[in-house]
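Participant: Given next are the chains, with one letter for each unit.
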Amino acid sequence: MESSTLPDASVISATADLVSVASHVDNDHSSVEVVENGVKVRRCTIYPNLKCEDHVRTSEVGMKYIKGRFAAPVSIWCDPLGKELFRRSGFRQPDVFLEDAKSALDKVPGKRIPKADYDRQAVPLEEAEEALSAGKYRKAIEGFTAALKGEIEPLRKAAENGMTGVKRTGEGMLARGRTAAESNRKDQARELLALIATEFAALDCGREAADILKKLDEGKSGK
Amino acid sequence: MTRSARLLLAILGLLTVEASARAPQESPAASKSILWSRTWDGALREAKIRNTPIYILVSIGEG
Numbered sequence: 001m002e003s004s005t006l007p008d009a010s011v012i013s014a015t016a017d018l019v020s021v022a023s024h025v026d027n028d029h030s031s032v033e034v035v036e037n038g039v040k041v042r043r044c045t046i047y048p049n050l051k052c053e054d055h056v057r058t059s060e061v062g063m064k065y066i067k068g069r070f071a072a073p074v075s076i077w078c079d080p081l082g083k084e085l086f087r088r089s090g091f092r093q094p095d096v097f098l099e100d101a102k103s104a105l106d107k108v109p110g111k112r113i114p115k116a117d118y119d120r121q122a123v124p125l126e127e128a129e130e131a132l133s134a135g136k137y138r139k140a141i142e143g144f145t146a147a148l149k150g151e152i153e154p155l156r157k158a159a160e161n162g163m164t165g166v167k168r169t170g171e172g173m174l175a176r177g178r179t180a181a182e183s184n185r186k187d188q189a190r191e192l193l194a195l196i197a198t199e200f201a202a203l204d205c206g207r208e209a210a211d212i213l214k215k216l217d218e219g220k221s222g223k
Numbered sequence: 001m002t003r004s005a006r007l008l009l010a011i012l013g014l015l016t017v018e019a020s021a022r023a024p025q026e027s028p029a030a031s032k033s034i035l036w037s038r039t040w041d042g043a044l045r046e047a048k049i050r051n052t053p054i055y056i057l058v059s060i061g062e063g
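Taken in order, these protein sequences are the chains called A and B. For the record, in the first sequence the residue sitting at position 134 is 134 according to our numbering, with numbers rising by one throughout. For the record, in the second sequence the residue sitting at position 35 is 35 according to our numbering, with numbers rising by one throughout.
Since the hints were made in silico from the structure, they are not lab data. There could be a bad hint or two in this list.
[To be verified] With a cut-off of at most 27 Å between alpha-carbon atoms, the simulated BS3-like pairs for lysine-lysine come out as follows:
no., chain 1, residue 1, chain 2, residue 2
1, A, Lys-186, B, Lys-48
2, A, Lys-157, A, Lys-40
3, A, Lys-136, A, Lys-167
4, A, Lys-67, A, Lys-83
5, A, Lys-186, B, Lys-32
6, A, Lys-51, B, Lys-32
7, B, Lys-48, A, Lys-157
Bear in mind the structure is a predicted one, so any value in this text is a computation, not a measurement.
Let the hints inform the model, and build the full structure from the sequences given.
Facilitator: Written out as structure tokens, the structure is:
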């Protein structure tokens, strides 16, 4: 795609009906600090909604479709399952890109879900999945809870699965905390139960951890 | 307005301009950029659910 094509308003508007992936092979450009929702974040200068780590993560996607030497840039158009529909080599001016997009859209008939509707449920789900993998359970629970309220069934199902995983983790930690409390390893129990009570506050295991912690503290003050 | 008050206002004005020049800019991502997927798995999930084509731009360097 021509560098002037990326910021073109008609192109940006047309890509709302697509899912776009940047398979950027190297990383010799700069990033910039910007403010999003009042928070300072670093963003790539070529792909302004991404951190450079994001497009480094997707850099190998193009190699699933291209073998051997190739002349960059290449535009690969796929169906919703990732099967290649067609590809175009070289830079694409906005009007040519819009024709490519129309050809791809014509090959994928049927009802579409608008991006805004999808993002309303998918963004909290993705944030929850990321938080879960980083061990940030409280944030994960918030995200899964928000995604569970949406109407898109596959996303709701993914949120349900995620929440089930979080609950299982919390219950496992609670069992260890309870065992520690019963085996007179009070300090270890307190540390673990305090963590569960904070991180899993919205779940039964979090509330139960808070109760056990309270009883431990009452026992301590009663001595 | 006295001369010293005018001078003080001018200095404050300059400080404000300098501070805003150094402040990070508001991200254009929301409205002025293509929204690129952060992961391939996320792209596949989104395309399947939304029933949309996937556009993959394979590029190198600044191009």
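Participant: Checking against the hints above, which ones are violated?
Facilitator: Structure breaks hints 1, 2 and 5.
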